[in-house]
Amino acid sequence: MNLRSLILALIVALMMALVGCASKNHAPDQTPPVLVSEDTWRQVDWDIVTASLTAKGSAKDYARSSMANWRDLAYQRTEADFIPWFTGYWTQQWLTLKVAWYKVSTGKETDPAKRMANYLQEQYHNRVLDPVAKQIDPGAVMEQTTKLYIQLLGTQLQGIAPRYGVPLDQLDRRFKDIPAIELAPPPNRNASLYQIIHIDPVVKLPAYVALVNQIRNTPSGAGAGPSDASISSVAQRTSEKLEATLPTRGVAGAVAAAVGRVAGTMISLAVSGFGAIAHEKERSEMVEQLRVILSAALDDERRNLMDNPTAGVMAGVYHLSGHIEGSLIKTFTPSVELEPIPQDLPPPGEQPLQDNKSDEQAPSDDGKATE
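For my numbering, add 2 to where a residue sits in the sequence shown, where the first one is 1.
Calculated from the structure, these hints are not laboratory results.
Any given hint might turn out to be false.
[Claimed, not checked] Restraint-style ranges between C-beta atoms, simulated for each label pair:
{"id": "1", "residue 1": "K116", "residue 2": "W48", "range": "46 to 56 angstroms"}
{"id": "2", "residue 1": "N219", "residue 2": "R175", "range": "16 to 26 angstroms"}
{"id": "3", "residue 1": "V106", "residue 2": "D301", "range": "47 to 57 angstroms"}
{"id": "4", "residue 1": "P164", "residue 2": "I201", "range": "45 to 55 angstroms"}
{"id": "5", "residue 1": "S297", "residue 2": "N120", "range": "18 to 28 angstroms"}
{"id": "6", "residue 1": "P188", "residue 2": "P164", "range": "31 to 41 angstroms"}
{"id": "7", "residue 1": "K178", "residue 2": "G59", "range": "34 to 44 angstroms"}
{"id": "8", "residue 1": "Y121", "residue 2": "I331", "range": "45 to 55 angstroms"}
[Said to hold, decoys possible] Only pairs whose alpha carbons sit at most 25 angstroms apart, straight line, appear in this in silico DMTMM-like list of lysine to aspartate or glutamate:
{"id": "9", "residue 1": "K332", "residue 2": "D47"}
{"id": "10", "residue 1": "K149", "residue 2": "E327"}
{"id": "11", "residue 1": "K136", "residue 2": "D47"}
{"id": "12", "residue 1": "K283", "residue 2": "D47"}
{"id": "13", "residue 1": "K100", "residue 2": "E282"}
Even glycine gets a Cβ: it sits at the ideal position worked out from N, Cα and C.
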(Lines of atoms letter the chains of each structure in order from A and count residues from 1; the text may use other names and numbers.)
(Lines give C-alpha, C1' and ligand atoms only; values in the text may rest on other atoms or scores of the structure.)
Protein backbone atom coordinates (compact mmCIF):
# COMPACT_ATOMS: atom_id res chain seq x y z
CA MET A 1 0.00 0.00 0.00
CA ASN A 2 2.76 2.37 0.83
CA LEU A 3 4.56 1.41 -2.36
CA ARG A 4 1.47 2.15 -4.43
CA SER A 5 1.07 5.51 -2.76
CA LEU A 6 4.69 6.37 -3.43
CA ILE A 7 4.42 5.39 -7.10
CA LEU A 8 1.22 7.39 -7.48
CA ALA A 9 2.81 10.43 -5.87
CA LEU A 10 5.78 10.19 -8.23
CA ILE A 11 3.49 9.95 -11.26
CA VAL A 12 1.49 12.98 -10.13
CA ALA A 13 4.68 14.97 -9.51
CA LEU A 14 6.04 14.03 -12.93
CA MET A 15 2.82 15.10 -14.67
CA MET A 16 2.80 18.41 -12.85
CA ALA A 17 6.40 19.01 -13.87
CA LEU A 18 5.55 18.31 -17.50
CA VAL A 19 2.59 20.65 -17.34
CA GLY A 20 4.81 23.32 -15.83
CA CYS A 21 7.39 22.97 -18.60
CA ALA A 22 4.69 23.16 -21.21
CA SER A 23 3.34 26.31 -19.60
CA LYS A 24 6.79 27.89 -19.63
CA ASN A 25 7.29 27.06 -23.30
CA HIS A 26 3.99 28.65 -24.24
CA ALA A 27 4.40 31.68 -22.00
CA PRO A 28 5.84 33.97 -24.75
CA ASP A 29 2.89 33.20 -27.00
CA GLN A 30 0.52 34.48 -24.35
CA THR A 31 2.01 38.02 -24.60
CA PRO A 32 0.55 39.74 -27.67
CA PRO A 33 2.83 42.09 -29.67
CA VAL A 34 2.45 45.80 -29.00
CA LEU A 35 0.37 47.39 -31.73
CA VAL A 36 1.37 50.98 -32.46
CA SER A 37 -1.41 53.06 -33.97
CA GLU A 38 -0.98 55.18 -37.07
CA ASP A 39 -1.59 58.31 -35.02
CA THR A 40 1.29 57.34 -32.74
CA TRP A 41 3.57 56.75 -35.71
CA ARG A 42 2.65 60.17 -37.06
CA GLN A 43 3.63 61.67 -33.72
CA VAL A 44 6.89 59.71 -33.84
CA ASP A 45 7.62 60.98 -37.35
CA TRP A 46 6.86 64.53 -36.30
CA ASP A 47 9.20 64.22 -33.34
CA ILE A 48 11.95 62.97 -35.66
CA VAL A 49 11.47 66.03 -37.89
CA THR A 50 11.49 68.31 -34.85
CA ALA A 51 14.66 66.67 -33.53
CA SER A 52 16.32 67.15 -36.92
CA LEU A 53 15.35 70.82 -37.06
CA THR A 54 16.65 71.41 -33.53
CA ALA A 55 19.94 69.62 -34.21
CA LYS A 56 20.34 71.52 -37.47
CA GLY A 57 19.85 74.84 -35.71
CA SER A 58 22.49 74.06 -33.09
CA ALA A 59 24.91 72.83 -35.75
CA LYS A 60 24.39 76.02 -37.74
CA ASP A 61 25.17 78.14 -34.68
CA TYR A 62 28.45 76.26 -34.28
CA ALA A 63 29.31 76.65 -37.97
CA ARG A 64 28.45 80.36 -37.94
CA SER A 65 30.69 81.00 -34.95
CA SER A 66 33.56 79.02 -36.48
CA MET A 67 33.35 80.82 -39.81
CA ALA A 68 33.20 84.22 -38.11
CA ASN A 69 36.50 83.34 -36.44
CA TRP A 70 37.85 82.13 -39.79
CA ARG A 71 36.93 85.43 -41.42
CA ASP A 72 38.63 87.43 -38.65
CA LEU A 73 41.84 85.40 -38.91
CA ALA A 74 41.85 85.67 -42.71
CA TYR A 75 41.36 89.44 -42.55
CA GLN A 76 44.15 89.84 -40.00
CA ARG A 77 46.46 87.77 -42.18
CA THR A 78 45.45 89.80 -45.24
CA GLU A 79 46.31 93.03 -43.45
CA ALA A 80 49.58 91.74 -42.02
CA ASP A 81 50.96 89.87 -45.03
CA PHE A 82 49.19 90.07 -48.38
CA ILE A 83 48.45 93.80 -48.55
CA PRO A 84 51.99 94.88 -47.53
CA TRP A 85 53.44 92.39 -50.00
CA PHE A 86 51.16 93.38 -52.86
CA THR A 87 51.57 97.14 -52.43
CA GLY A 88 55.31 96.96 -51.87
CA TYR A 89 57.53 98.81 -54.33
CA TRP A 90 59.57 95.83 -55.50
CA THR A 91 56.47 93.64 -55.80
CA GLN A 92 54.92 96.22 -58.09
CA GLN A 93 58.04 96.21 -60.23
CA TRP A 94 57.94 92.45 -60.48
CA LEU A 95 54.23 92.51 -61.37
CA THR A 96 54.95 95.16 -64.00
CA LEU A 97 57.39 92.81 -65.69
CA LYS A 98 54.94 89.92 -65.44
CA VAL A 99 52.19 91.94 -67.11
CA ALA A 100 54.53 92.99 -69.88
CA TRP A 101 55.70 89.43 -70.38
CA TYR A 102 52.11 88.17 -70.47
CA LYS A 103 51.31 90.66 -73.22
CA VAL A 104 54.17 89.72 -75.52
CA SER A 105 54.15 85.97 -74.85
CA THR A 106 50.48 85.01 -74.96
CA GLY A 107 49.13 87.00 -77.88
CA LYS A 108 45.50 87.94 -78.20
CA GLU A 109 44.02 84.57 -77.26
CA THR A 110 44.86 84.86 -73.54
CA ASP A 111 43.96 87.84 -71.35
CA PRO A 112 46.94 89.02 -69.25
CA ALA A 113 44.52 89.90 -66.46
CA LYS A 114 43.39 86.27 -66.30
CA ARG A 115 46.97 85.06 -65.92
CA MET A 116 47.56 87.73 -63.31
CA ALA A 117 44.44 86.53 -61.45
CA ASN A 118 45.81 82.99 -61.31
CA TYR A 119 49.11 84.28 -59.95
CA LEU A 120 47.45 86.46 -57.30
CA GLN A 121 45.11 83.61 -56.34
CA GLU A 122 48.12 81.39 -55.73
CA GLN A 123 49.83 84.09 -53.68
CA TYR A 124 46.70 84.69 -51.60
CA HIS A 125 46.44 81.01 -50.79
CA ASN A 126 50.11 80.77 -49.85
CA ARG A 127 50.15 83.93 -47.73
CA VAL A 128 46.67 83.95 -46.18
CA LEU A 129 44.37 80.96 -46.61
CA ASP A 130 46.84 78.13 -46.08
CA PRO A 131 48.25 79.57 -42.81
CA VAL A 132 44.73 80.33 -41.55
CA ALA A 133 43.59 76.79 -42.42
CA LYS A 134 46.13 75.44 -39.94
CA GLN A 135 44.01 77.06 -37.22
CA ILE A 136 40.52 76.92 -38.73
CA ASP A 137 40.00 74.78 -41.83
CA PRO A 138 36.56 75.25 -43.44
CA GLY A 139 36.71 71.63 -44.60
CA ALA A 140 37.26 70.48 -41.02
CA VAL A 141 34.46 72.78 -39.84
CA MET A 142 32.15 71.07 -42.32
CA GLU A 143 32.98 67.63 -40.90
CA GLN A 144 32.70 68.78 -37.29
CA THR A 145 29.36 70.43 -38.00
CA THR A 146 28.03 67.27 -39.64
CA LYS A 147 29.16 65.09 -36.72
CA LEU A 148 27.62 67.52 -34.24
CA TYR A 149 24.28 67.30 -36.06
CA ILE A 150 24.39 63.49 -35.95
CA GLN A 151 25.31 63.46 -32.26
CA LEU A 152 22.56 65.90 -31.25
CA LEU A 153 19.99 64.12 -33.42
CA GLY A 154 20.81 60.74 -31.90
CA THR A 155 20.54 62.13 -28.37
CA GLN A 156 17.10 63.62 -28.99
CA LEU A 157 15.77 60.49 -30.69
CA GLN A 158 16.48 58.44 -27.56
CA GLY A 159 13.44 59.97 -25.85
CA ILE A 160 10.91 58.84 -28.46
CA ALA A 161 10.49 55.19 -27.35
CA PRO A 162 9.65 55.91 -23.70
CA ARG A 163 7.57 58.95 -24.63
CA TYR A 164 5.11 56.95 -26.75
CA GLY A 165 5.68 53.43 -25.44
CA VAL A 166 6.98 52.21 -28.80
CA PRO A 167 9.04 48.99 -28.61
CA LEU A 168 12.67 49.57 -29.53
CA ASP A 169 12.66 46.90 -32.24
CA GLN A 170 9.72 48.58 -33.99
CA LEU A 171 11.29 52.02 -33.64
CA ASP A 172 14.58 50.73 -35.06
CA ARG A 173 12.72 49.33 -38.06
CA ARG A 174 11.16 52.76 -38.53
CA PHE A 175 14.61 54.38 -38.43
CA LYS A 176 15.92 51.88 -40.99
CA ASP A 177 13.19 52.92 -43.43
CA ILE A 178 14.20 56.60 -43.29
CA PRO A 179 16.96 57.60 -45.77
CA ALA A 180 19.74 59.87 -44.54
CA ILE A 181 22.44 59.63 -47.24
CA GLU A 182 21.66 58.85 -50.88
CA LEU A 183 24.69 58.77 -53.17
CA ALA A 184 24.28 55.35 -54.82
CA PRO A 185 25.47 53.63 -56.90
CA PRO A 186 27.05 51.60 -55.42
CA PRO A 187 24.53 50.71 -52.71
CA ASN A 188 26.98 51.20 -49.83
CA ARG A 189 26.94 54.93 -50.61
CA ASN A 190 23.42 55.03 -49.17
CA ALA A 191 22.69 55.05 -45.44
CA SER A 192 19.60 55.12 -43.25
CA LEU A 193 18.83 57.19 -40.19
CA TYR A 194 19.42 54.07 -38.09
CA GLN A 195 22.94 53.64 -39.48
CA ILE A 196 24.16 57.20 -38.98
CA ILE A 197 23.06 57.36 -35.33
CA HIS A 198 24.19 53.84 -34.35
CA ILE A 199 27.54 53.39 -36.12
CA ASP A 200 30.20 54.89 -33.87
CA PRO A 201 32.38 56.48 -35.02
CA VAL A 202 30.39 57.50 -38.07
CA VAL A 203 33.56 57.59 -40.20
CA LYS A 204 33.27 53.78 -40.35
CA LEU A 205 30.19 54.25 -42.51
CA PRO A 206 31.17 54.19 -46.24
CA ALA A 207 28.24 56.44 -47.18
CA TYR A 208 29.39 59.11 -44.72
CA VAL A 209 32.95 59.03 -46.08
CA ALA A 210 31.59 59.33 -49.62
CA LEU A 211 29.46 62.33 -48.62
CA VAL A 212 32.39 64.16 -47.01
CA ASN A 213 34.65 63.49 -50.01
CA GLN A 214 31.98 64.71 -52.43
CA ILE A 215 31.59 67.99 -50.56
CA ARG A 216 35.34 68.54 -50.26
CA ASN A 217 35.88 67.87 -53.97
CA THR A 218 33.11 70.18 -55.14
CA PRO A 219 34.51 73.24 -56.98
CA SER A 220 34.47 76.31 -54.72
CA GLY A 221 33.89 73.98 -51.82
CA ALA A 222 34.83 74.52 -48.19
CA GLY A 223 38.25 76.12 -48.01
CA ALA A 224 38.47 77.25 -51.62
CA GLY A 225 38.89 80.87 -50.58
CA PRO A 226 37.63 84.11 -52.13
CA SER A 227 35.96 83.67 -55.47
CA ASP A 228 37.79 84.07 -58.75
CA ALA A 229 35.62 87.10 -59.48
CA SER A 230 37.01 88.95 -56.46
CA ILE A 231 40.62 88.16 -57.28
CA SER A 232 39.97 88.87 -60.96
CA SER A 233 38.76 92.33 -59.99
CA VAL A 234 42.04 92.97 -58.20
CA ALA A 235 43.99 91.48 -61.10
CA GLN A 236 42.14 93.56 -63.69
CA ARG A 237 42.87 96.81 -61.88
CA THR A 238 46.45 95.73 -61.30
CA SER A 239 47.00 94.88 -64.94
CA GLU A 240 45.51 98.14 -66.17
CA LYS A 241 47.51 100.17 -63.68
CA LEU A 242 50.79 98.41 -64.38
CA GLU A 243 50.32 98.50 -68.14
CA ALA A 244 49.97 102.28 -67.87
CA THR A 245 53.38 102.47 -66.20
CA LEU A 246 55.17 100.70 -69.02
CA PRO A 247 57.08 102.84 -71.53
CA THR A 248 54.93 103.79 -74.48
CA ARG A 249 57.55 102.64 -76.95
CA GLY A 250 59.66 99.56 -77.18
CA VAL A 251 57.82 97.54 -74.51
CA ALA A 252 58.02 94.29 -76.41
CA GLY A 253 61.61 94.89 -77.38
CA ALA A 254 62.65 95.84 -73.86
CA VAL A 255 61.06 92.77 -72.31
CA ALA A 256 62.44 90.49 -75.01
CA ALA A 257 65.89 91.92 -74.42
CA ALA A 258 65.48 91.27 -70.71
CA VAL A 259 64.86 87.55 -71.23
CA GLY A 260 67.87 85.59 -70.10
CA ARG A 261 69.47 88.40 -68.12
CA VAL A 262 69.96 88.44 -64.39
CA ALA A 263 67.15 89.61 -62.12
CA GLY A 264 68.92 92.85 -61.29
CA THR A 265 68.87 93.93 -64.93
CA MET A 266 65.15 93.17 -65.19
CA ILE A 267 64.34 95.15 -62.06
CA SER A 268 66.37 98.11 -63.22
CA LEU A 269 64.35 98.07 -66.43
CA ALA A 270 61.10 98.14 -64.47
CA VAL A 271 62.28 101.00 -62.26
CA SER A 272 62.45 103.19 -65.33
CA GLY A 273 58.68 102.76 -65.74
CA PHE A 274 57.62 103.34 -62.19
CA GLY A 275 59.67 105.40 -59.77
CA ALA A 276 59.87 104.83 -56.05
CA ILE A 277 58.72 108.36 -55.28
CA ALA A 278 55.59 108.06 -57.41
CA HIS A 279 54.86 104.70 -55.87
CA GLU A 280 54.95 106.00 -52.30
CA LYS A 281 52.54 108.79 -53.20
CA GLU A 282 50.02 106.30 -54.54
CA ARG A 283 50.57 103.50 -52.05
CA SER A 284 48.13 104.70 -49.39
CA GLU A 285 45.34 104.89 -51.94
CA MET A 286 46.29 101.47 -53.27
CA VAL A 287 46.25 99.98 -49.76
CA GLU A 288 42.81 101.39 -49.03
CA GLN A 289 41.33 100.13 -52.30
CA LEU A 290 42.81 96.68 -51.80
CA ARG A 291 41.58 96.58 -48.20
CA VAL A 292 38.02 97.34 -49.29
CA ILE A 293 38.07 94.79 -52.12
CA LEU A 294 39.53 91.93 -50.10
CA SER A 295 37.41 92.66 -47.03
CA ALA A 296 34.27 92.46 -49.15
CA ALA A 297 35.61 89.30 -50.80
CA LEU A 298 36.14 87.64 -47.42
CA ASP A 299 32.62 88.59 -46.32
CA ASP A 300 31.20 87.12 -49.52
CA GLU A 301 33.24 83.96 -49.07
CA ARG A 302 32.09 83.52 -45.48
CA ARG A 303 28.47 83.86 -46.56
CA ASN A 304 29.03 81.44 -49.42
CA LEU A 305 30.64 78.89 -47.11
CA MET A 306 27.67 79.19 -44.77
CA ASP A 307 24.87 79.19 -47.34
CA ASN A 308 26.11 76.95 -50.17
CA PRO A 309 23.94 73.81 -49.84
CA THR A 310 26.32 71.54 -51.76
CA ALA A 311 29.80 72.85 -50.96
CA GLY A 312 29.59 74.92 -47.77
CA VAL A 313 30.30 74.04 -44.16
CA MET A 314 26.62 73.11 -43.70
CA ALA A 315 26.48 70.92 -46.82
CA GLY A 316 26.70 67.66 -44.87
CA VAL A 317 23.97 68.74 -42.47
CA TYR A 318 21.75 69.91 -45.33
CA HIS A 319 22.17 66.58 -47.13
CA LEU A 320 21.28 64.52 -44.05
CA SER A 321 18.45 66.70 -42.78
CA GLY A 322 17.03 67.18 -46.26
CA HIS A 323 16.58 63.44 -46.79
CA ILE A 324 15.38 62.73 -43.26
CA GLU A 325 12.88 65.58 -43.08
CA GLY A 326 11.84 65.27 -46.71
CA SER A 327 10.94 61.59 -46.43
CA LEU A 328 8.84 62.20 -43.31
CA ILE A 329 7.08 65.39 -44.32
CA LYS A 330 5.52 63.41 -47.17
CA THR A 331 3.62 61.40 -44.56
CA PHE A 332 2.02 64.56 -43.20
CA THR A 333 1.01 66.01 -46.56
CA PRO A 334 -2.11 63.88 -47.23
CA SER A 335 -3.58 64.57 -43.79
CA VAL A 336 -3.01 68.29 -44.30
CA GLU A 337 -4.40 68.47 -47.82
CA LEU A 338 -7.52 66.30 -47.32
CA GLU A 339 -10.67 68.37 -47.02
CA PRO A 340 -13.28 67.41 -44.41
CA ILE A 341 -16.34 65.56 -45.63
CA PRO A 342 -19.36 67.91 -45.82
CA GLN A 343 -21.69 67.26 -42.91
CA ASP A 344 -24.90 68.13 -44.80
CA LEU A 345 -24.71 65.33 -47.37
CA PRO A 346 -28.10 63.52 -47.41
CA PRO A 347 -28.42 59.76 -46.97
CA PRO A 348 -28.79 57.76 -50.20
CA GLY A 349 -32.26 58.18 -51.74
CA GLU A 350 -33.01 61.54 -50.11
CA GLN A 351 -32.96 64.98 -51.69
CA PRO A 352 -30.09 67.29 -50.72
CA LEU A 353 -30.90 70.08 -48.30
CA GLN A 354 -31.41 73.51 -49.81
CA ASP A 355 -29.08 76.41 -49.15
CA ASN A 356 -29.47 78.21 -45.85
CA LYS A 357 -30.79 81.25 -47.67
CA SER A 358 -34.56 81.68 -47.33
CA ASP A 359 -36.94 82.39 -50.18
CA GLU A 360 -37.18 85.97 -49.02
CA GLN A 361 -33.42 86.37 -49.54
CA ALA A 362 -33.29 84.74 -52.96
CA PRO A 363 -32.20 87.14 -55.72
CA SER A 364 -34.80 88.12 -58.29
CA ASP A 365 -34.30 88.32 -62.03
CA ASP A 366 -33.22 91.94 -61.79
CA GLY A 367 -30.44 91.00 -59.35
CA LYS A 368 -32.16 92.44 -56.24
CA ALA A 369 -33.17 90.40 -53.25
CA THR A 370 -36.89 89.85 -52.95
CA GLU A 371 -38.67 90.19 -49.68
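How the hints compare with the structure:
no. : hint                            : verdict
1   : K116 - W48: 46 to 56 angstroms  : 53 angstroms, holds
2   : N219 - R175: 16 to 26 angstroms : 35 angstroms, violated
3   : V106 - D301: 47 to 57 angstroms : 37 angstroms, violated
4   : P164 - I201: 45 to 55 angstroms : 23 angstroms, violated
5   : S297 - N120: 18 to 28 angstroms : 22 angstroms, holds
6   : P188 - P164: 31 to 41 angstroms : 37 angstroms, holds
7   : K178 - G59: 34 to 44 angstroms  : 26 angstroms, violated
8   : Y121 - I331: 45 to 55 angstroms : 49 angstroms, holds
9   : K332 - D47                      : 10 angstroms, holds
10  : K149 - E327                     : 17 angstroms, holds
11  : K136 - D47                      : 41 angstroms, violated
12  : K283 - D47                      : 67 angstroms, violated
13  : K100 - E282                     : 21 angstroms, holds
Checked against the numbered hints given earlier, this structure breaks hints 2, 3, 4, 7, 11 and 12; the rest are met.
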